[in-house]
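Residue numbers (this note's numbering), protein chains in the order written: chain A, 1 to 356; chain B, 357 to 673.
Since the hints were derived computationally from the structure, they do not count as laboratory data. A virtual CB, placed ideally from N, CA and C, is assigned to each residue, including glycine.
Restricting the straight-line Cα-Cα distance to at most 20 Å, the calculated cross-link-like pairs of lysine to any residue (SDA-like) are:
id, chain 1, residue 1, chain 2, residue 2
1, A, K3, A, L17
2, B, K422, A, E294
3, A, K42, B, W553
4, A, K236, B, H415
5, B, K492, A, I46
6, B, K635, B, D551
7, A, K236, B, E395
8, A, K236, B, A418
To be clear about the criterion: a stretch of chain B counts as covered by chain A if any three or more of its residues have a C-beta under 8 Å from a C-beta of chain A, and this derived list gives those stretches:
id, region
9, 373-384
10, 472-478
11, 554-568
12, 587-596
13, 617-626
Label pairs and their calculated CB-CB ranges:
id, chain 1, residue 1, chain 2, residue 2, range
14, B, P471, A, S187, 32 to 38 Å
15, A, M231, B, Q361, 33 to 39 Å
16, A, F228, B, P396, 29 to 35 Å
17, A, A87, B, N449, 50 to 56 Å
18, A, A286, B, A652, 37 to 43 Å
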Amino acid sequence: MAKYLKNDDLGQWLAELGTEYKIHAPVQEGRSIAFRPLTQDKILRIDRHATIGPKEILFPACEELMHFSYEKDTDNPGREKIRVQPADNAVPTLIFGSRPCDARGFDVFDGAFTQCAVKDNYYAARREQAVVVSIACTRTENTCFCNWVGGSPDGTNGSDVLLTPIQDGFVVQPVTEKGETLLQKGSLLTGAAPDQVREAEQLRAAACASLPEAPDFKCMPEQLYNLFDNMDFWEKQSAKCISCGACTYLCPTCHCFNITDERNGNEGERLRSWDNCMSRQFTQEASGHNPRPEKAYRLKNRVGHKFCYFPDLHEGHIACVGCGRCIKSCPVSLDIRQVVTSAKECHLPAEETDNE
Amino acid sequence: MMLDQLKETIKTALPELDFVMGWTTGYDPLHATPLYMYEPDDVDQLIWGPLNVHNLAVHLPALRHKKVGIVVKGCDSRSVVELLQENLIDRENVVIFGAPCNGVVDMTKIRKAVPDAHFARSVETADNSLTITTDKDTHTLSLAEVMADKCTRCRFPNAVEADHFVGEKRIPAVETDPYADLESFESQGFAERRDFWMAEMDRCIRCYACRNACPLCVCRDHCVAQSREPHWVSQRDGVRDKFMFQVIHAIHMAGRCTECGECERACPMDIPVLLLKRKLGNVIHDLFDYDAGLDAEARPPLLAFKLEEDSIKEKDW
Ligand code: SF4
Ligand code: SF4
Ligand code: SF4
Ligand code: SF4
Ligand code: SF4
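One chain only, chain A, in its complex shape (with noise of 0.2 Å):
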């Protein structure tokens, strides 16, 4: 059953959230916006795409996996004994604002860290632990292509609750279970009335048609195996790049990282902080070699694993949800959209094709 909420509610209906839940929300932070705890002097901004979406709620920048110290063994003094202390910092978080294609990239991160051969413990307590209230979008930004990758603006995966924004106030509907919990608490919300329901839809809908038609990139992941080898197009598909890793950071579905530990006397943590495939640090091997030496393979590998190598090991889910933060943050523009349309384009010559 929809809901309504006055504007001049959502306030105090987060206020009332917030005692049983931590709440981010994108809030205004110098001339960026960015996902933060919700406090009373921090300016909310739900009007518009925030710079950096809400993954690193769930997936922190950086994050200590378990703290360790060593110390003498008294019984044998060439040794030394390892205390390890396992993190667990998860705590009932509710993440406000987000848009439909910021929540689909938590799908992404639960088919990599909980659904696959190995469950990644942090992440599944956080996530299990975590609400998700999103805000449809009523209007499409130049880079916005969501429903090129099985998205649309008024999309509810990885969403728990979906906010529509009409004239006065928004209208909230429960997409899972935890989302009708949630709606059970708190005094604001009102039963919407028809009329804003009809409201609310024709917004979506109208936002639905604003965005390009979308190709069909079902072909894809084949087409990207075939232009594994072709190293001409991808130096000139990266020629613009400066190789930042920016693009990946700002992802909702990049999720690579780097581990360290990093000690100080006897004492240390282990921590793990997001890494990219976009640097070259990233693939460095011990030996010296690398195997994605250029950035041209480092494009391929981005493109790949979003558009193909992802797709294969999980029924065919690009990883990419559109929210075109890659496009819009990349100090070139590279548009990823360019790239995949021109290897979808890109006719191999006939004995290549031929040799299979």
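With the hints as your guide, set chain B with the ligands onto chain A.
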């Protein structure tokens, strides 16, 4: 028209070159993107004007084994000169195409003036203004209002080194850098300045776009910030760790940085990191009376050893 002349000049030179780098319209009418011109047809896509924000010199060191052309604004040409000075590129392998520059926009200022800039449908540029039409309305901005700060104090709008210069040379905005921005920042107390940097750096995501966009960040792939063996810099993401990297970057740039502003422009989190480099540029200027990237034969002061510096009279102390 100047642009047509520039295109002709590039087309004439192209057969001798692997490609020429310039700019074209990007994913929307407000964003230009680097253009690689391999064939004469590619040259037709070239644009020139206030949206050509990128400094293409960043690509040159990796293209050392090729013979390439590059279109430069005045400030970009200083990066090319600095690369030549440091022996990171070979003069005979680079063909420089210059044209008079009237300044480029700062996207951050545009987004401030037109919060709906990401919905731009069309953009028209005139000599002194920019008209942006979005899905909802039309905004006309004066170029002065949204121009990159570096352009308001530009001393070298015409390439300082070029094989082909097209168009009439422009008169520079100023003769010496006023460093007024720095002065006003430094007029604040220590605590205020520290708080400013802690707040700004807090949202740094350690992506290193600032580093990779810098044409003179030469260690790039072997950067101390990411080296694992030895492990110089912590991977923690506290604000001190992030600031530490900015300080490293700024120090490594002292006397080499041309203040092209790419580090700041590239930052996805809009952190004003150029200010740190301006500080060091100012110090180098005062100490050594030196400006980076003006003379291909000169040696940056911190890359040279002199028993006694002209401006540092140790023996008189
Ligand atoms: S943000 Fe752009 S330039 Fe940087 S690595 Fe990604 S595609 Fe390359
Ligand atoms: S690849 Fe780009 S468009 Fe796709 S989800 Fe990542 S940042 Fe968004
Ligand atoms: S600093 Fe000068 S040369 Fe560079 S873009 Fe601005 S006006 Fe042009
Ligand atoms: S540090 Fe910044 S301003 Fe200086 S040369 Fe590098 S990118 Fe340009
Ligand atoms: S580009 Fe910005 S966010 Fe990225 S490392 Fe540099 S200062 Fe930090």
